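J.: Sequence:
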Amino acid sequence: MGLRSWFSRRKTTTGTGASARVVAAAPREQEPLSPEQVADLKAAWAELAEAAKESAVTGFHACSRGGRPWQEDPASVRSMAAMLRSFPAEDASIEGAPSS
Numbered sequence: 001m002g003l004r005s006w007f008s009r010r011k012t013t014t015g016t017g018a019s020a021r022v023v024a025a026a027p028r029e030q031e032p033l034s035p036e037q038v039a040d041l042k043a044a045w046a047e048l049a050e051a052a053k054e055s056a057v058t059g060f061h062a063c064s065r066g067g068r069p070w071q072e073d074p075a076s077v078r079s080m081a082a083m084l085r086s087f088p089a090e091d092a093s094i095e096g097a098p099s100s
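Following full-length UniProt numbering, the numbering of the sequence shown begins with 1 at its first residue and continues without gaps.
To be clear, the hints were calculated from the coordinates, so they are not data collected in a lab. Quick caveat: nothing in here was measured; it's all calculated off a predicted structure. Hints are supplied without guarantee of correctness; some may be wrong.
Ranges of calculated distance between the beta carbons of each label pair, as one might list FRET restraints [said to hold, decoys possible]:
1. PRO88 / PRO32: 38 to 44 Å
2. ALA56 / LEU33: 18 to 24 Å
3. GLU31 / SER86: 28 to 34 Å
We treat Cβ as the ideally placed atom computed from N, Cα and C, and that holds for glycine.
Given these sequences and hints, build the entire structure.
T.: Below is the structure:
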């Protein structure tokens, strides 16, 4: 058996057919938000915008889990705001650091 045939060999599996393939679940239809949920989401986005202005962070990227985008979940948006608040502003002095 040469090296080329070793790379081109496929594993043989027993008892698996076409039905054993993993298929990604189709995205579920999202139900519309109630007026209270929309208001809560807008308030969460306002908190995130304020936290972004106060922090030294210039950008971020987040991914969704659980089939619902993080941008549509007030708790996730508030978590992002809390994370941004944990970064000090550029002009704020860092505690314990000597001033120069």
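J.: Determine for every hint whether it applies to the structure shown.
T.: Hint by hint, here is what the structure shows:
no.: 1; hint: PRO88 / PRO32: 38 to 44 Å; result: holds (39 Å)
no.: 2; hint: ALA56 / LEU33: 18 to 24 Å; result: violated (32 Å)
no.: 3; hint: GLU31 / SER86: 28 to 34 Å; result: holds (33 Å)
The structure does not agree with numbered hint 2 stated previously, though it agrees with all others.
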